[in-house]
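In order, the protein sequence lines correspond to chains A, B, C and D.
First residue of the first sequence? That's 1 in my numbering, and the numbers climb one at a time after it.
First residue of the second sequence? That's 1 in my numbering, and the numbers climb one at a time after it.
First residue of the third sequence? That's 1 in my numbering, and the numbers climb one at a time after it.
First residue of the fourth sequence? That's 1 in my numbering, and the numbers climb one at a time after it.
To be clear, the hints were calculated from the coordinates, so they are not data collected in a lab.
Be aware that a few hints might be false.
Pairs count within a copy or across copies, as identical chains cannot be separated in the list.
[Claimed, not checked] Distance condition first, Cα-Cα at most 20 Å in a straight line; then the derived PhoX-like pairs of lysine-lysine: (1) Lys-96 with Lys-54; (2) Lys-14 with Lys-30; (3) Lys-6 with Lys-30; (4) Lys-64 with Lys-126; (5) Lys-64 with Lys-96; (6) Lys-126 with Lys-96; (7) Lys-34 with Lys-289; (8) Lys-289 with Lys-6; (9) Lys-96 with Lys-302; (10) Lys-30 with Lys-289; (11) Lys-34 with Lys-173.
As a plain string of letters, each chain reads:
4 protein chains.
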Amino acid sequence: DPEREKDMLDRIVKHNEGPFDDHTVRYLFKQIFKASLDLQIEEQKKTLLVSRKKQAENTVVDLKGTLVGNGTPVIVAGPCSVESEEQVFAVARSLKEQGVRLMRGGAFKPRTSPYDFQGLGEEGLKILRRAADEYDLIVVSEIVNPGDMEMAEQYVDVIQIGARNMQNFELLKAAGSVRTPVLLKRGLSATMEEFLFAAEYIVSRGNTQVMLCERGIRTYEKWTRNTLDISAVPILKNESHLPVFVDITHSTGRRDILLPCAKAALAAGADGIMLEVHPNPAVALSDAKQQIDIPSFETFMKDLRASNLMGNQERVLERK
Amino acid sequence: DPEREKDMLDRIVKHNEGPFDDHTVRYLFKQIFKASLDLQIEEQKKTLLVSRKKQAENTVVDLKGTLVGNGTPVIVAGPCSVESEEQVFAVARSLKEQGVRLMRGGAFKPRTSPYDFQGLGEEGLKILRRAADEYDLIVVSEIVNPGDMEMAEQYVDVIQIGARNMQNFELLKAAGSVRTPVLLKRGLSATMEEFLFAAEYIVSRGNTQVMLCERGIRTYEKWTRNTLDISAVPILKNESHLPVFVDITHSTGRRDILLPCAKAALAAGADGIMLEVHPNPAVALSDAKQQIDIPSFETFMKDLRASNLMGNQERVLERK
Amino acid sequence: DPEREKDMLDRIVKHNEGPFDDHTVRYLFKQIFKASLDLQIEEQKKTLLVSRKKQAENTVVDLKGTLVGNGTPVIVAGPCSVESEEQVFAVARSLKEQGVRLMRGGAFKPRTSPYDFQGLGEEGLKILRRAADEYDLIVVSEIVNPGDMEMAEQYVDVIQIGARNMQNFELLKAAGSVRTPVLLKRGLSATMEEFLFAAEYIVSRGNTQVMLCERGIRTYEKWTRNTLDISAVPILKNESHLPVFVDITHSTGRRDILLPCAKAALAAGADGIMLEVHPNPAVALSDAKQQIDIPSFETFMKDLRASNLMGNQERVLERK
Amino acid sequence: DPEREKDMLDRIVKHNEGPFDDHTVRYLFKQIFKASLDLQIEEQKKTLLVSRKKQAENTVVDLKGTLVGNGTPVIVAGPCSVESEEQVFAVARSLKEQGVRLMRGGAFKPRTSPYDFQGLGEEGLKILRRAADEYDLIVVSEIVNPGDMEMAEQYVDVIQIGARNMQNFELLKAAGSVRTPVLLKRGLSATMEEFLFAAEYIVSRGNTQVMLCERGIRTYEKWTRNTLDISAVPILKNESHLPVFVDITHSTGRRDILLPCAKAALAAGADGIMLEVHPNPAVALSDAKQQIDIPSFETFMKDLRASNLMGNQERVLERK
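Produce the complete structure using the sequences and hints provided.
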């Protein structure tokens, strides 16, 4: 209450007999008031449901038996957009072979231009579901309209909230009202604090199964599509008990550094990696330049497994 | 089609008899293919409905007789959030006295934290409407849920789409489906190209009454809340026929430089200025630090009128 | 002193009898200590020689009779690089005709690539001096080596420190040791605070004739070379008594918006405008794309004068 | 040559008989001219001395027997500023015990404020030399004045060029003229392309022993001092044959995430890690908040060695 504060300050100054002059006393007490306020805010922050201070142990999300956040990293892979049954089944088959259980694929595509391919919609979700059922996979897919949550729950195992919608609070509230786990991507230029508050929108509505995903932030650098903020991984792990993924495709937009970025993410403590795989990237209806084809994906997985960063994650974490 | 391109390249190289070596020929023809593609994209851009190339003359939005975009700048003012009938009526009275006809006020507030004041909702819109009817004002208010557009049309004269929702494409589509004019704010870190594409989402659905609003972009600078991108004003005016506003409150977050920023915006060719006015900023439920009180608003208006930048806008534009 | 602080805290906590718990008391007193420290820093800032708090009245730099910072804006124009006697004399003649007295031209060019044209060096300064003597102009030229200051003083009237050297502290110290006025450009991603500290390096060495120049900051936006931070103008004018220029060429890198940006800068209170003019931009050895030719410069000057922003600067300032 | 290009275009258009219209033909040929120009630039880039295209094998810098860039990562550690003989010897002793051979320490400090501690100068270099001689270490220290290179060579084994001086081209030229290896830090908001061009300034003068150091870039994020651009590591390794370090202290400014950031850097393929160690960080004359004390350094080294990322670097690289 600024008025009450002003009154108190006036009274304090009136009784000031040194050694500080009035200006200084006024300044100091303003700081004390401010400190009290900060203390309240600090307390409030402590009680954010997503914060590590509120819950010391990791949130472990159970996706039909695949655990996320328990120390063993997981891979999410699949095409940028769902384009056809053939396309999705080809990817699903490869995931199965590689032991990757989480399949991504966009049916509702938030595209910069209204004239770009906007996704197959519900039909796309059905294709994903069929492929997932065939190969015992988990479906991760983006939902963009608050009114679509119930519909989506019929088909997807994880609702993705995309970077452009990280502060679409109506969508966050809707995602908080269902009980399907949510993968929330960091906004294009969101601070980590804003990211955690966005997660809090979901968790505070009752949906505690939230996974965070760093996907690169917008900077001036031109040799990468975005700048992968690797420090976000350990900071988010320290500040929050939620699992943290890194989207290695969107963060840099470069196929040629996928492997070192994946290793860096795991070495930094990420609970999972997301990347885009397409049977024929050259003709993809979106993100043609950054998706890898299936043989490249197989090589990627082989190299990643050989790095010892997939298996020894428990040790990585316990040492932190 | 990459395959066809490859075929053609192979055939061309096969017949290469100099003077360039094969590598060079291949490179040159790749560039020619790319140029053809760029040409198509350029053509597509030309045909963006929002582009100046598509429509040479300015879009002039008629708000119950107040024209926006015809060379005479307009002012939009009002509180960040609608808090009470008294608050809104106090501001409305002052706007009326100052000859300012557009009143802003937030009833649905997109807030970083779920625990912050989220606005009065529809009740807030009703208060705005009553005050506007009493003082013959135009209501500008933000809508955040695609499902609320029809409801909003009962109360507001201009639907605002906020910065955080600039790429909430479902909301843009919904705004494109109604016939109430839209004020679209630039996203926190949106490029101008993305901004125009966002406007295209609305216009391509049939709602041609769109006004753009630069509101500062996110940078590293710490002495301002955002960085006012003044160059966006002439560039957007050149690229598009839509009116361009500048939100001088959010762009810098500083009360002490409102006047020079307003003058700069008008001198750069803006069609209007938006700013936040509150009867008692110190106790405001949002943005307490950056709103000005009513006496400051009156001084601001007096100084702005004295600057000769409000009246001579026609000349400013015709000289461009 | 952290140790002493810790002791004090321990003693205070030992005597804590409520109503706050120990954690809170500790936190509050830490804030008080911090506030005391901040107060000292605030005091120190107040005493920065460049600050408005230290000197209320504007610093007015007298350049052979042309006053900078007294309310009447000045123009600095000329080629990016000095290339030849013909080139510089052609520009000088046009400046003279337009009543522009400050001529810029680079003899020592900081170029991204070592293989780009690095400038004519001292020979370039001699050309500038001859042209300036012929047409009674003031020479503004960049110096890049601390060891060149004395040499430079023979030829130039204003030493320019470029954006890339804003935190080249050895160069700043050298510029502080001479008595030729200095035009200091803001670094590519310097905060305003760092900018003022850079100026303080010069002034604290005894050279009080410093002029600041906003020249755009690096952001993610791609339609401009840099983002002109227009809010820096009124903020720097408020915080400091030094004159403030805006380089309208480098800030956006676009010829097509020079005029609205110039007007915006003057409307925001700038003491001067800098721009690049070249007799034949298409063949310029540097920055070919952003320089304007002489007829365009003449049109620019005519339009700027017609805007009423060159003459009524006194009023602009007194109203602030 | 723009004139010749225009002539050619006019002649081509004159003979245009379809199927494209004149505008299209003109556009296509402009693109072809541009492509030819780009081709030349591409060729020039290929021949940058620092580029991988020019030299396929890694540059390995031999620092008195310690090899940098050969696949086994090295550590550079030491205080931000040299403050006293005791301080430097305490750190040197710890480095020796930990098997770390490269010691950093600043004698010439580029500080934002002219009133901050500016370093001990040559006396600081002497202290570093004595400690290095005592413990058989390599001295890495920043030089800020082009005139100091010869003096520096008496004391230091590696000349550091700091972030603020990355485009201080006079300093780069001076560093290119000596034969002491150089560690070049990326500028605060330098693109990778600018970074490589800065290295080219040194190498093109004849000093081929250059090591690059990513140290975080300036972004809007507030929870870290800078944003560690981890993707720069594999990209710089791909584009250039020079060794790449990561400064894990300055990149984030946070002690609590040093270990995960170090692991991420090594996993991404870095040739070395730089960090700041101080016997008593709380009283350090610069960067007090981000330096770690000696026991923390010992724990850090133990954990890093246990991560298997120090020893298996060869495998990491050969797999890339």
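Against the structure, the hints:
| no. | hint | verdict |
| --- | --- | --- |
| 1 | Lys-96 with Lys-54 | neither (37 Å within a copy, 42 Å between copies) |
| 2 | Lys-14 with Lys-30 | within (15 Å within a copy, 25 Å between copies) |
| 3 | Lys-6 with Lys-30 | within (9 Å within a copy, 23 Å between copies) |
| 4 | Lys-64 with Lys-126 | within (19 Å within a copy, 48 Å between copies) |
| 5 | Lys-64 with Lys-96 | within (15 Å within a copy, 52 Å between copies) |
| 6 | Lys-126 with Lys-96 | within (19 Å within a copy, 56 Å between copies) |
| 7 | Lys-34 with Lys-289 | between (51 Å within a copy, 14 Å between copies) |
| 8 | Lys-289 with Lys-6 | between (60 Å within a copy, 16 Å between copies) |
| 9 | Lys-96 with Lys-302 | within (14 Å within a copy, 38 Å between copies) |
| 10 | Lys-30 with Lys-289 | between (55 Å within a copy, 16 Å between copies) |
| 11 | Lys-34 with Lys-173 | neither (32 Å within a copy, 39 Å between copies) |
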